[in-house]
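Participant: Take a look at the letters that make up each chain.
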Amino acid sequence: EPEVTQTPSHQVTQMGQEVILRCVPISNHLYFYWYRQILGQKVEFLVSFYNNEISEKSEIFDDQFSVERPDGSNFTLKIRSTKLEDSAMYFCASSGANTEAFFGQGTRLTVV
Amino acid sequence: QKEVEQDPGPLSVPEGAIVSLNCTYSNSAFQYFMWYRQYSRKGPELLMYTYSSGNKEDGRFTAQVDKSSKYISLFIRDSQPSDSATYLCAMSKTSGNTGKLIFGQGTTLQVKP
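Residue numbers (the working numbering), protein chains in the order written: chain A, 1 to 112; chain B, 1 to 113.
Keep in mind that the hints are not guaranteed to be accurate.
Straight-line C-alpha distance at most 27 angstroms; calculated DSSO-like pairs for lysine-lysine [as the list claims (entries may be wrong)]:
#1 Lys56(B) x Lys42(A)
#2 Lys112(B) x Lys67(B)
#3 Lys42(B) x Lys83(A)
#4 Lys57(A) x Lys112(B)
#5 Lys70(B) x Lys93(B)
#6 Lys78(A) x Lys42(B)
#7 Lys78(A) x Lys112(B)
#8 Lys56(B) x Lys57(A)
Examples of chain B residues lying across from chain A (beta carbon under 7 angstroms, computed) [what the hints assert, rightly or not]:
#9 Lys42
#10 Gly43
#11 Tyr49
#12 Tyr51
#13 Gly54
#14 Lys100
#15 Gln105
#16 Leu109
To list a few chain A residues with every Cβ distance to chain B over 10 angstroms, as calculated [to be verified]:
#17 Gln14
#18 Arg22
#19 Ile26
#20 Asn28
#21 Gln41
#22 Asn52
#23 Gln64
#24 Arg80
#25 Asp86
#26 Gly106
#27 Thr110
Just so you know, these hints were derived from the structure itself, not from any lab. Even for Gly, the Cβ is constructed at its ideal location relative to N, Cα and C.
With these hints in hand, go ahead and build the complete structure from the sequences.
Facilitator: Take a look at the structure:
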């Protein structure tokens with residue numbers, strides 16, 4: 001069964017460092033998303049991406065965040081200068097035309 | 001008022017019980033309603049996907065949407081210990097391809113053998 005794959009499963013980084021979280025969406029999907037979940041809190045939308053551009057973003061997704069689809073298969077989330085409060089699970093999701101969103105297993109980001 | 005409200009529980013039931021999980025919402029623009037199951041430190045797994053009001057059944061799971069009351073439910077029949085997880089409701093103003101999902105807090109369910 002096709003699935004969304006995320007790497008790494010766990011990333012530890014020092015405050016102020018840049019991190020790149022990677023995702024391989026389901027191959028025939030066209031719409032891509034990043035969500036995050038701070039421990040004990042709800043899953044929150046960050047950004048949606050379609051046709052090589054951002055289609056919607058939340059207030060959380062400020063100038064420190066960026067997304068890219070560099071090679072037609074990977075979808076990345078970059079955090080330029082990490083803060084302690086960026087520590088969370090980050091989930092990538094993808095969907096096709098008129099289909100529901102499928103989520104990856106997540107990357108646990110710990111900023112120290 | 002929060003856009004989506006869900007009682008976090010925890011909810012503990014004996015094996016075989018019927019479980020009822022619920023969410024309320026405030027935004028009448030929501031059209032698509034989903035239930036996800038999430039195991040600890042894992043990604044949300046889609047269980048049910050419904051559009052507008054009505055019922056949808058899939059095996060032991062039934063999803064209900066009442067748009068007039070802004071209320072959605074997930075029923076689990078013959079609950080099993082393997083159903084122990086956190087159940088997230090999610091909703092969208094547009095279909096899943098272009099809209100962002102708004103999630104509830106999640107309800108933690110424990111099914112005891």
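Participant: Now tell me, hint by hint, if it's right for this structure.
Facilitator: Going through the hints against the structure:
no.	hint	verdict
1	Lys56(B) x Lys42(A)	holds, 25 angstroms
2	Lys112(B) x Lys67(B)	violated, 33 angstroms
3	Lys42(B) x Lys83(A)	holds, 23 angstroms
4	Lys57(A) x Lys112(B)	violated, 41 angstroms
5	Lys70(B) x Lys93(B)	holds, 13 angstroms
6	Lys78(A) x Lys42(B)	holds, 21 angstroms
7	Lys78(A) x Lys112(B)	violated, 42 angstroms
8	Lys56(B) x Lys57(A)	violated, 31 angstroms
9	Lys42	holds, 6 angstroms
10	Gly43	holds, 4 angstroms
11	Tyr49	holds, 4 angstroms
12	Tyr51	violated, 10 angstroms
13	Gly54	violated, 17 angstroms
14	Lys100	holds, 4 angstroms
15	Gln105	holds, 5 angstroms
16	Leu109	violated, 16 angstroms
17	Gln14	holds, 22 angstroms
18	Arg22	holds, 15 angstroms
19	Ile26	holds, 12 angstroms
20	Asn28	holds, 12 angstroms
21	Gln41	violated, 8 angstroms
22	Asn52	holds, 15 angstroms
23	Gln64	holds, 19 angstroms
24	Arg80	holds, 22 angstroms
25	Asp86	holds, 17 angstroms
26	Gly106	violated, 5 angstroms
27	Thr110	holds, 12 angstroms
Figure legend: structure checked against the earlier numbered hints; hints not met, in rising order: 2, 4, 7, 8, 12, 13, 16, 21, 26.
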